[in-house]
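Undergrad: Sequence:
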Amino acid sequence: MENKNVILDIQDLEVRFEVDGEIIRAVNGVSLTLEKGKTLGLVGETGAGKTTAALAVMRLVPDPPGIIGKGNILLNGKDVMEMSVSNLEKIRGKEVSMIFQDPMTSLNPVFTVGEQIAESLEIHEQLSPADAMIKAKEMLELVGIPGYRASEFPYQFSGGMKQRVVIAIALACNPQLLIADEPTTALDVTIQAQVLALMKALKEKYGTAMIMITHDLGIVAEVCDEVAVMYAGRIIEKGTLDQVFNNTLHPYTEGLFNSLPNIKNRKSELRPIPGLMPDPVNLPPGCAFEPRCAYAREECGLRIPDSRFVSDHIVCCLAYDDPNFHIRRKGGKNVE
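Under the working numbering, the residue at position 45 of the sequence shown is numbered 252, and the numbers go up by one with no gaps.
If you are wondering where the hints come from, they were derived from the structure by calculation, not from laboratory data.
Glycine included, C-beta positions come from ideal geometry on N, C-alpha and C.
Please note: incorrect hints may appear among the correct ones.
Once the Cα atoms are required to be at most 25 Å apart in a straight line, the calculated DSS-like pairs of lysine-lysine come out as [to be verified]:
1) 301 / 407
2) 297 / 277
3) 342 / 410
4) 301 / 342
5) 297 / 245
6) 410 / 301
7) 410 / 245
8) 410 / 297
9) 342 / 407
10) 243 / 471
11) 211 / 243
12) 301 / 211
13) 285 / 301
14) 410 / 285
15) 297 / 285
16) 412 / 342
17) 410 / 211
18) 301 / 243
19) 412 / 245
With beta-carbon atoms standing in for the labels, derived distance ranges [stated by the list, open to error]:
20) 404 / 279: 34 to 40 Å
21) 266 / 341: 30 to 36 Å
22) 290 / 345: 39 to 45 Å
23) 358 / 513: 55 to 61 Å
24) 289 / 332: 21 to 27 Å
25) 482 / 276: 24 to 30 Å
26) 276 / 514: 41 to 47 Å
Between the sequences and the hints, there should be enough to build the whole structure, so can you do that?
TA: The following block contains the structure:
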């Protein structure tokens, strides 16, 4: 039975890049669902496939060299993969918006910030240029920037202010789904906190569903309802914030938590995950995490694990074929 609260439904998504005769397998069978008003944290190391999966939702994977090999992407029940270019242009910025990673390069330097906000309002809301500019100034006020600054250019804004402008553009048409790709990476910690608080407040005000792409578990703890952990193009653990943080199931997720400083015991040593993520051109035949896993067995290098429910949420790990296997992080939850 169809769940009417589901705004995004991704099933078995695969994305690859074909470059110089090599095939880069960036996304390998990702399945996700997101309900209206919920925030999903998409977590993983650089190169895990997080951004590529998000770009596929909006059909923004550059083609060539990118190819969405297979999979279904339903946005509000509509198949994104079957949409024409004109229909895609109608939903981008209207039904789904994206905040890209670097605010310094997300804005066009030759147009005022007001013009850049007003553009989407003119296109999607059919407002006149004058009315669109009035609404653009209102959006600037909403993100904490005086409306009169709509006539200024991006170079006149700091990094944190630019990110606020980008958020204003993304939310101008009140999208039902907002994808935020590491929106605080280029900002200092004080501005990070301000931007996260702003995004959280605006999300609650408009009831927007959000995908927060990040490698920072502290950000996930602060703003997310659900967590999906990616490794080598696969979702290897998924559940609610409480399930993943307090009942960690996958060895990789355990390694992420163990790599964090323990604020309650400053003398404790970090326990980083040994090794590197595998080359997406040459993925191992079995579990991609097997070469780095302290719990690995011979079978792990031969067979890719399927998703399964263990305890209360989803995990991909062959070790759970053993009913006695379990993971318990020493010291409990490290992220406050």
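Undergrad: Hint by hint, say whether it matches the structure.
TA: To see whether the hints hold, each was checked on the structure:
1. With a C-alpha separation of about 19 Å, the suggested pairing of residue 301 with residue 407 holds against the 25 Å cut-off.
2. With a CA separation close to 23 Å, the supplied pair residue 297 and residue 277 stays within the 25 Å bound.
3. This hinted pair checks out: residue 342 and residue 410 have alpha carbons roughly 18 Å apart, not beyond 25 Å.
4. A threshold of 25 Å between alpha carbons decides the hint, and for residue 301 with residue 342 the separation of about 15 Å falls inside it, so the pair holds.
5. A C-alpha spacing of about 23 Å is found between residue 297 and residue 245, which places the hinted pair at or below 25 Å, so the restraint holds.
6. At roughly 15 Å between alpha-carbon atoms, residue 410 and residue 301 fall within 25 Å of each other, so this suggested pair holds.
7. As the CA atoms of residue 410 and residue 245 are separated by approximately 9 Å, the hinted pair is consistent with the 25 Å bound.
8. Our distance criterion of 25 Å between C-alpha atoms is met by residue 410 and residue 297, whose separation comes to about 22 Å.
9. At roughly 21 Å between alpha-carbon atoms, residue 342 and residue 407 fall within 25 Å of each other, so this suggested pair holds.
10. Taken as a hint, the residue 243 and residue 471 pair is broken in the structure, with Cα atoms around 36 Å apart against an allowance of 25 Å.
11. Proposed proximity of residue 211 and residue 243 is supported: the alpha carbons are some 9 Å apart, at most 25 Å.
12. With a C-alpha separation of about 19 Å, the suggested pair residue 301 and residue 211 falls inside the 25 Å cut-off, and the hint holds.
13. Distance hint between residue 285 and residue 301 is fulfilled; the C-alpha atoms sit about 14 Å from each other, no more than 25 Å.
14. A hinted pair counts as satisfied when its Cα atoms are at most 25 Å apart, and residue 410 with residue 285 qualifies at roughly 23 Å.
15. Between residue 297 and residue 285, the direct Cα distance comes to roughly 13 Å. Compliance with the 25 Å bound is thereby established for this hinted pair.
16. In summary, the hint linking residue 412 to residue 342 is supported, as the alpha carbons are separated by about 17 Å, within the 25 Å threshold.
17. A hinted pair counts as satisfied when its Cα atoms are at most 25 Å apart, and residue 410 with residue 211 qualifies at roughly 20 Å.
18. Distance restraint check for residue 301 and residue 243: the Cα-Cα separation of roughly 15 Å lies within the 25 Å cut-off, and the hinted pair is therefore satisfied.
19. The suggested pairing of residue 412 with residue 245 holds, with an alpha-carbon distance near 13 Å, which does not exceed 25 Å.
20. Look at residue 404 against residue 279: about 35 Å separates their beta carbons, and that is inside 34 to 40 Å.
21. Remark: the range hint 30 to 36 Å for residue 266 to residue 341 is upheld by a beta-carbon distance near 32 Å.
22. In this structure the supplied range 39 to 45 Å is violated for residue 290 paired with residue 345, their Cβ-Cβ distance being about 30 Å.
23. Distance hint check for residue 358 and residue 513: the Cβ-Cβ separation is about 56 Å, which falls inside the suggested range of 55 to 61 Å.
24. Our hint of 21 to 27 Å for residue 289 and residue 332 holds, since their Cβ atoms are close to 25 Å apart.
25. Distance hint check: the CB atoms of residue 482 and residue 276 are about 27 Å apart, consistent with the given range 24 to 30 Å.
26. A C-beta distance of roughly 19 Å is found between residue 276 and residue 514, which places it outside the suggested range of 41 to 47 Å.
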